[in-house]
Amino acid sequence: MKINEFSKGKLHDMEHAQFANHVLWMCGEANLKKLNPLLPVLKNAVKNEEESLNAPRCEDGTDDLRKLDHERDKAYQMLKLLVKMHLHSDNEKVIEAARAMKEVMGRFPRARWADYDKESGLVAKMISELRSKELAASVQLLAASEVISRLERANVAFDKRWMQRLERLTPTTERPNVRRLRAETDGALKAVTDRIFALDNLEPSEAVTRLITTYNTQVDSMRTLLSRRESTNRRRREKRLREMAALLEPQLRQMEGQRGLLPGSIVFAGKTRGSGRKRKFLVKEKESGREEWISTNSSSSL
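Whatever position you read off the sequence shown (first residue = 1), add 199 for this note's numbering.
Calculated from the structure, these hints are not laboratory results. Be aware that one or more of the hints could be misleading.
Claimed, not checked - Straight line, CA to CA, 16 Å or less: simulated EDC-like cross-link-like pairs of lysine to aspartate or glutamate:
hint: 1; residue 1: Lys283; residue 2: Glu295
hint: 2; residue 1: Lys242; residue 2: Glu228
hint: 3; residue 1: Lys207; residue 2: Glu383
hint: 4; residue 1: Lys207; residue 2: Glu429
hint: 5; residue 1: Lys359; residue 2: Glu455
hint: 6; residue 1: Lys246; residue 2: Asp385
hint: 7; residue 1: Lys483; residue 2: Glu455
Work the whole structure out from these sequences, hints included.
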């Protein structure tokens, strides 16, 4: 009998693991003496694949760090606003003190937007310079000491939690390589189906025939699933392209008028790059074949 095949790579992760599980179950039910030795390998591969799908999707402390970073950003913003407010004082000494603090903070212009660990270092360095002897009088005049302390407390709290995360990051907690594990499962599945094919040719039996029939039924089910998904995705893509073409229609007609071309001479080529309001669209002049990327004039980001 022929053993049917299909593109396992097109299955979603959990579907892939479930298909392998079903094969494992039907082979176990068949209980073929010369097939059974291969099943533990498949069982272990499926187990590893399923465990990888149940792995945490975010690292330790992600929510804590997000909240602590938000508190740090608020403290930083408060200090920034304090300095900005005093820049509008009617007291020249206060303005001079505010300028001195602004100059120091200006040495770290993108501290808030740096990655977590880098931001901690930049903020710590900025606080150190704000507390230097040279700035002591300015800080006192603006009553900024407590605001700086608030930023320091927030930065220390964040850094402490960050270090706790690093201590807990060990090789055993690294995210598993799902692609590699799927490949191992596929290898185990191939070994099983090759053995079934060999048994059917060398030692045909009712049990082997029944197993192949059951396997092929499962494969046909997967083919139907993938076919329906592809059809749905294709319809979605086509609808999406029609929406984009409609969005570009007024702009393309305007371009044709500016270039002295007939209506319909410039069309949407069906390709985009980027996303949101930065998305660009590939358009083409039918006659010359010239292509170019344009941005939409519409407020819609599609």
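Do the hints match the structure? See the list:
About 12 Å separates the Cα atoms of Lys283 and Glu295, which keeps this hinted pair within 16 Å; it holds. As the CA atoms of Lys242 and Glu228 are separated by approximately 14 Å, the hinted pair is consistent with the 16 Å bound. Note on Lys207 and Glu383: the hinted pairing holds, with a Cα-Cα distance of about 13 Å set against a maximum of 16 Å. As the CA atoms of Lys207 and Glu429 are separated by approximately 14 Å, the hinted pair is consistent with the 16 Å bound.
As the CA atoms of Lys359 and Glu455 are separated by approximately 61 Å, the hinted pair breaks the 16 Å bound. Between Lys246 and Asp385 the alpha-carbon distance is near 13 Å, which keeps this suggested pair within the 16 Å criterion. A distance of roughly 11 Å separates the Cα atoms of Lys483 and Glu455; the hinted pair therefore holds under the 16 Å criterion.
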